[in-house]
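**Q** Residue numbers (my numbering), protein chains in the order written: chain A, 1 to 148; chain B, 1001 to 1101.
A hint or two may mislead.
[Unchecked claim] What follows is a list of derived Cβ distance ranges for each label pair: (1) B:S1089 x A:S85: 22 to 32 Å; (2) B:N1009 x A:G84: 12 to 22 Å; (3) B:S1022 x A:R108: 39 to 49 Å; (4) A:G84 x B:S1022: 30 to 40 Å; (5) A:E26 x B:A1054: 27 to 37 Å; (6) A:K13 x B:S1053: 43 to 53 Å; (7) A:E72 x B:A1058: 19 to 29 Å; (8) B:I1003 x A:Q55: 38 to 48 Å.
[Said to hold, decoys possible] Below, a list of computed lysine-lysine pairs in the DSBU-like style, where the Cα atoms sit at most 35 Å apart: (9) A:K13 x A:K99; (10) B:K1043 x A:K13; (11) A:K99 x B:K1043; (12) A:K94 x A:K37; (13) A:K37 x A:K99.
Keep in mind the hints are simulated off the structure, nothing from the lab. This one's a predicted model, so the numbers in the text were calculated from it and none came from an experiment. Glycine included, every Cβ here is placed at the ideal spot set by N, Cα and C.
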Amino acid sequence: MVHALEEIRRLLKPAGALIDIHPVAESSPIEIHQGGKIDVAGDLSVHQWCVDFQQADIALTEIAQRGLFAVERDAVFDSLTHYGSAAEMRTSLKESIDKFARDAQSARESVPHAEALAARAEELMQAAVSGAELIVREPTHISRLRPT
Amino acid sequence: MAIQVDPENNETRALFDMANFSGQHVLEIGCGDGRLTWRYADKAARVTAIDPSARQIALAREHLPDQLQERIEFHSIAFEDFAAASAPSAFDIVILSWSLC
């Protein structure tokens, strides 16, 4: 990871900027929005199975300490994904697990977690009024770094 | 309803708070299907967008808006291979889009 950042520094012009965007290493709530109220179906614990985004924070700290880049600006925003149904979310979560799981065991262990969340979301959606929205809220870190 | 990622444009606003893309040559690493690329490319001079997934790059090329055809190049390539073949100091802005892991 640090080697990749060294390569990025080489590719950047001296006055250039690196913008890094990655999820914050914490849970993402699954929300049902209806009539101004929000019910939470559960928390998607991506960090339990996903490639480790905490490592991204560690790498950024390391390159700053080594004097390769300096962090100029930093922010956190919520990235919201809207699903038409719990079934759609279930399929999408399984695809994400296939794509991003750090290994086969964590992928196997995470499927029941995703299934349980999708089932709970389905219950809440069925009980909700027409027009309810199913949203996954993912806290996301963005930073601007300049080569030093 | 199809899945909608960030219809509120929270990511776009955060991105524009971080950088002015006007006239810049941008490298986006991990562009996927181009979801984020479309949001800033009209402001940049040129965008080189890469992703190791051939399937994602095919989707990005398929959905590339006509008005951005001249401005964006998509490549299905791993970053290490792209970097090895690239000259130094080529880009004004590099975006690591959910890829630093």
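**Q** Now tell me if each hint is right for this structure.
**A** Evaluation of the provided hints:
1. At about 48 Å, the CB distance of S1089 (chain B) to S85 (chain A) disagrees with the hint of 22 to 32 Å.
2. Restraint check, N1009 (chain B) to G84 (chain A): a C-beta distance of roughly 20 Å satisfies the suggested window 12 to 22 Å.
3. The hinted range of 39 to 49 Å is satisfied by S1022 (chain B) and R108 (chain A), whose Cβ atoms lie roughly 48 Å apart.
4. Between G84 (chain A) and S1022 (chain B), the C-beta spacing of about 36 Å keeps the proposed range 30 to 40 Å intact.
5. A C-beta distance of roughly 32 Å is found between E26 (chain A) and A1054 (chain B), which places it inside the suggested range of 27 to 37 Å.
6. With their beta carbons about 28 Å apart, K13 (chain A) and S1053 (chain B) fall outside the hinted range of 43 to 53 Å.
7. Distance hint for E72 (chain A) and A1058 (chain B): a CB-CB separation of about 35 Å, inconsistent with the stated range 19 to 29 Å.
8. With their beta carbons about 27 Å apart, I1003 (chain B) and Q55 (chain A) fall outside the hinted range of 38 to 48 Å.
9. A hinted pair counts as satisfied when its Cα atoms are at most 35 Å apart, and K13 (chain A) with K99 (chain A) qualifies at roughly 33 Å.
10. For the suggested pair K1043 (chain B) and K13 (chain A), the alpha carbons sit about 19 Å apart, so the restraint of at most 35 Å is met.
11. Pair hint K99 (chain A) plus K1043 (chain B) holds up; C-alpha atoms about 31 Å apart against a cutoff of 35 Å.
12. Distance hint between K94 (chain A) and K37 (chain A) is fulfilled; the C-alpha atoms sit about 28 Å from each other, no more than 35 Å.
13. About 33 Å separates the Cα atoms of K37 (chain A) and K99 (chain A), which keeps this hinted pair within 35 Å; it holds.
The structure fails to meet hints 1, 6, 7 and 8 from the earlier list, while all remaining hints are met.
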